[in-house]
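Residue numbers (numbering that gives the first Met the number 0), protein chains in the order written: chain A, 0 to 95; chain B, 0 to 901; chain C, 0 to 122.
There may be inaccurate statements among the hints.
Said to hold, decoys possible - Example chain C residues on the side facing chain B (calculated, C-beta under 8 Å, incomplete):
#1 Glu10
#2 Ala16
#3 Thr73
#4 Arg90
Since the hints were made in silico from the structure, they are not lab data. Predicted model only: the values in this text are computed from it and were never measured. Heads up, the beta-carbon is just placed ideally off N, CA and C, and yes, glycines get one too.
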Amino acid sequence: MKRQAPVFLARRSYRLRRLRDGARLLPLAGAFLFLLPIFWTPTEGMPNDTARDWIYLFAIWIALIGLAAILSRGLGTGEEAEAPAGREDAPPPEQP
Amino acid sequence: MPINLLVPVCLTYVAFLFLVAFLADRRARRGGRRWLGSPLVYTLSLSIYCTAWTFYGAVGYAARSGLEFLTIYLGPTLVFVGWWWILRKLVRIGRQQRVTSIADMISSRYGKSSLLGVIVTLISVAAATPYIALQLQSVTLSFAVFAEAGSFGWTLPDTNATALWVAGGLALFTILFGTRNLDANEQHTGVVIAIAVEAVVKLVALIAVGVFVIWFVADGPGDVAARINASRIAEWDLVPSRWAGVIALSAAAVITLPRMFQVIVVECGDERNLATASWAFPLYLAAMSVFVVPIAVIGMQILPESANPDLYVLTVPLSQGQGGLAMLAFLGGFSSATSMVIVASIALATMVSNHVVMPLWLSLRPTREVTGDVRRLVLNARRFSIAGVLGLGYLYFTLSGGSEALAAIGLISFVGVAQMLPPMLGAIFWRGATRLGAAAGLCLGTAVWAYTLFLPSFASGGVLPADLFSHGPFGLSWLRPQALFGVSRFDPLIHSIFWSLTLNTAAFTLVSLFTFPAPVERAQGLAFVNVFDTERAGPRAWESRDLEQVETEELLILAQRILGDEAALGFFETSAQGQGKAGYLPDPTPDFLEELERKLAGSVGAAAAHAMIAELAGRSRVTVADLIRVADETAQIMEYSSTLESQRAEMERTARQLREANEKLMQLSIQKDAFLSQISHELRTPMTSIRAFSEILMEGDVPPEMAAAQARIIHDEAIRLTRLLDDLLDLSVLENGTVQLDLRLASLNELIDKGLRAAGQIRPDRIFVVWRDLPSEALFLRTDPDRLAQVFINLISNSRKYCDALRPELRINVKQRGARVIVDFIDNGSGIAKEKQHIVFEKFTRLTDQNRAGGAGLGLAICREIMANLGGAIAYLPAQGGAAFRVTLPLRLEKHPFADGA
Amino acid sequence: MARHAMLIEDEPNITEAIRFLLTRDGWQVTALADGLTAEAALRDARPDLLILDTMLPGRSGLEILVSLRADPATADLPVMMLTARGQGRDREAAERAGADFFMAKPFSNAEFVAAARALAGEA
Chain A
0 MKRQAPVFLA RRSYRLRRLR DGARLLPLAG AFLFLLPIFW TPTEGMPNDT ARDWIYLFAI
60 WIALIGLAAI LSRGLGTGEE AEAPAGREDA PPPEQP
Chain B
0 MPINLLVPVC LTYVAFLFLV AFLADRRARR GGRRWLGSPL VYTLSLSIYC TAWTFYGAVG
60 YAARSGLEFL TIYLGPTLVF VGWWWILRKL VRIGRQQRVT SIADMISSRY GKSSLLGVIV
120 TLISVAAATP YIALQLQSVT LSFAVFAEAG SFGWTLPDTN ATALWVAGGL ALFTILFGTR
180 NLDANEQHTG VVIAIAVEAV VKLVALIAVG VFVIWFVADG PGDVAARINA SRIAEWDLVP
240 SRWAGVIALS AAAVITLPRM FQVIVVECGD ERNLATASWA FPLYLAAMSV FVVPIAVIGM
300 QILPESANPD LYVLTVPLSQ GQGGLAMLAF LGGFSSATSM VIVASIALAT MVSNHVVMPL
360 WLSLRPTREV TGDVRRLVLN ARRFSIAGVL GLGYLYFTLS GGSEALAAIG LISFVGVAQM
420 LPPMLGAIFW RGATRLGAAA GLCLGTAVWA YTLFLPSFAS GGVLPADLFS HGPFGLSWLR
480 PQALFGVSRF DPLIHSIFWS LTLNTAAFTL VSLFTFPAPV ERAQGLAFVN VFDTERAGPR
540 AWESRDLEQV ETEELLILAQ RILGDEAALG FFETSAQGQG KAGYLPDPTP DFLEELERKL
600 AGSVGAAAAH AMIAELAGRS RVTVADLIRV ADETAQIMEY SSTLESQRAE MERTARQLRE
660 ANEKLMQLSI QKDAFLSQIS HELRTPMTSI RAFSEILMEG DVPPEMAAAQ ARIIHDEAIR
720 LTRLLDDLLD LSVLENGTVQ LDLRLASLNE LIDKGLRAAG QIRPDRIFVV WRDLPSEALF
780 LRTDPDRLAQ VFINLISNSR KYCDALRPEL RINVKQRGAR VIVDFIDNGS GIAKEKQHIV
840 FEKFTRLTDQ NRAGGAGLGL AICREIMANL GGAIAYLPAQ GGAAFRVTLP LRLEKHPFAD
900 GA
Chain C
0 MARHAMLIED EPNITEAIRF LLTRDGWQVT ALADGLTAEA ALRDARPDLL ILDTMLPGRS
60 GLEILVSLRA DPATADLPVM MLTARGQGRD REAAERAGAD FFMAKPFSNA EFVAAARALA
120 GEA
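The following block holds chain A by itself, in its conformation from the complex (with noise of 0.2 Å):
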């Protein structure tokens, strides 16, 4: 009995961790899927097919916002106070 408030709360903290990180790897992400257009070959003899280009953009981009919106709403609620943020290297609170 003694253990399940300590478990459950790890739990969520660790859960808060992980969503740091996705926040942190979000915009690598995007950079890496905006950028992929470079390496694209055009190819011989065939027309740019720009309009192709247009809904690769806007689908990234929206699903960038979509999924910021999703991070947002679980960093962006004061849980700040909870666990410090400039501490998530430290190891996860263990019980007393």
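With the hints as your guide, set chains B and C onto chain A.
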């Protein structure tokens, strides 16, 4: 048709914006900030990123370079989606350090350096001037479009005149709403709300034009996609260096543009707004760009080759006879231009006044002390700076003649402000970054930018000779402005980004590695980089040792000059209460000084605030002990020692409070003895004359006229005795709270008249000037008028008796604060010595202890009791340049304040 | 020759009363209202008796007394102290400072005049 309506519609729109700003400001001052500071408003205010360049220019950009225009939005999207990395930290630092501008932040991080503040300010002004000119140009161009379309012979008077009107109007709006107050935090609610409204207008306008183009001109999305692939746009080639380079550039610019820094950091009322903006602002950007390509394609197809693609947003609806839609588009462009100019000029004006005008004033003023009204100086400096910034923009507009492709000017400006990126990232991530490193990087980067991009942009105007580009200066071909060190593969923009940022970063890091930061720099570096660690971990800017010389009263004088009387007194009173002290003078603890410094920094910038307090503390420079302290690198040790220090300071403060309480008790006990002895004295003195003369009269051999004189003396002294007994009785009744109050409505003005009349008999020989504020006195109070008048009579009499100025003057100020009324009585005498201030309200306190200039020393004690009975208070106000008493009382006293307790 | 008394007292009505009593008894009376000018005036006037109030503006009566006693020219001058506080402590302080007689306010006229005569006669 539209042209006749254009001017009235425009003016109505501007008037509407004025009204919105005015109402929002009023509401904010009444405490209604909750809705005004919402995440939605915050996100919309960020939209000043989308200027007229974006509104009109993006379509032109797309027509010329295909999808490359998207890079301008993809960079900011990445920054906002990645808010956890940089923006979160910037906003937290901004709030903790009360940052007023990007110049202030960089100056503050690098040891509150004035030099860096000036450098960043100059770069920002240089980069923003063409950008502001660009906005003026876009407004005049759009006017011209309407003038051409309306073939009624109504032509624009002159593009220059139009631009001048627009610049003048914007200056007026900005000065009105941007420099209303010199408030803490530099937040301008009215302006922000107006900008949020403009954000909606421009989004709606662009979407409306897009919908019209796709579904009314073309046959829906499929048709548009086909037309895109059939058009010139499909031939665009993605240039990898430009694609990556401009994404990176716009990402840098969105945090270093002074106006963006202003809305992201300075105007941010709540950190949580950022979480919402992290996705909502990219969404706004996506919505702004979704219709750009369709509009460009349709424009290219239905308009003649000669039409300017930068104006398709206006000309496409006009060519289809859609006057109303064109009008909406015009308002969208107008909104984009005006909101950018307003925020940019506020941000720049703050920087110019805080980092150029204030330091100049501080070093040029003849005396050390801060005299005069600094607030007015700062506000006027800002007003002139706003006018100056807009004037520069207008000048650039007229000199350059306009007409270059809009996007080019915008990108040049971006590269200029991007020079602030290395010192800014260094500021928040690298504790080893130094002031000299930042200055070296900024100067080198800016010089390269000016040489490779900014000055060549005037090339047609002849600032740089043509053969410089082909052969380089002095025939040194490796110094050609657009092929530095032989790098000629890039186009000029990417070439400039590449070299300016590379050299900037290299100089910044190398100089930082080889120089040693000053102690304040290291303290600030720690505070910035570790902003999310415990808020108290860093070394303090002020230590108890520094504070021995600080007179709180001097600090109060300084604060009043900068924050204004009421705000300063309020802040000092709250701080004193926080320390468990009564009155307006808190102990000058390190915490208090830091808080005060941040508060002042909110008005005049960190560097100036630090310098002012350091001067009062007698510490113009940092001591060796500070060096040793900061040199101690280990963060834990510092944290530990600072905890110890704060505990020690806490104990010292408690001990001091105990000592004070003890002293007060001792004094009270002495006063109790003195009270009896005083009563004895006060009773025996009139008694002596009475007894002596009555014995003489009893003997009966006095001539009648002398007897009459002696009887009069007996009578006078008897009256004096009675008065004394009355006072004592009065005091005892008031102290017990058993007094009967006669509550009715009374005019404050009449009560003060009464006080002045009644006190007029005191020293009638002196000419006593009284300054009153009659409009504020026109108040009706519900109180006991006789009792209140008694207090006024007492205070005015005291002033007449004791004011020792050659030309005595008394000021009576009245203020209403919510349901309370404040009446201040301030004379120009030498005031009350600090050590006596806390006993003036005690019984039988005569300040000149041997002087019996009249009463028994009960007057102020009675006043204090009366005010307590009237539900108010009376206090001595320090630092007013004379004796000053503040009477505070409720506007409507409903029942006896002691009734519940009795 | 009339005996000369000097009175230092800041309450004008009390001064008036004492001046009346002593003049009627054949004294010549000089009155001063504060302690600042007292010593110079004393050295010039050389009175037979000094009547000194304890609480005076400028300089307290006790301070004046102490400096009088320190000066050989006035060390022997008879001094009557007046006090309105009438506590034992004041009397002791006055005697320590070298007062010849201590009179509490309010006083009886007869006692006052008798004390003045006695003090001047002693000298």
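Going down the list of hints, with the structure as the test:
no.	hint	verdict
1	Glu10	6 Å, holds
2	Ala16	4 Å, holds
3	Thr73	22 Å, violated
4	Arg90	13 Å, violated
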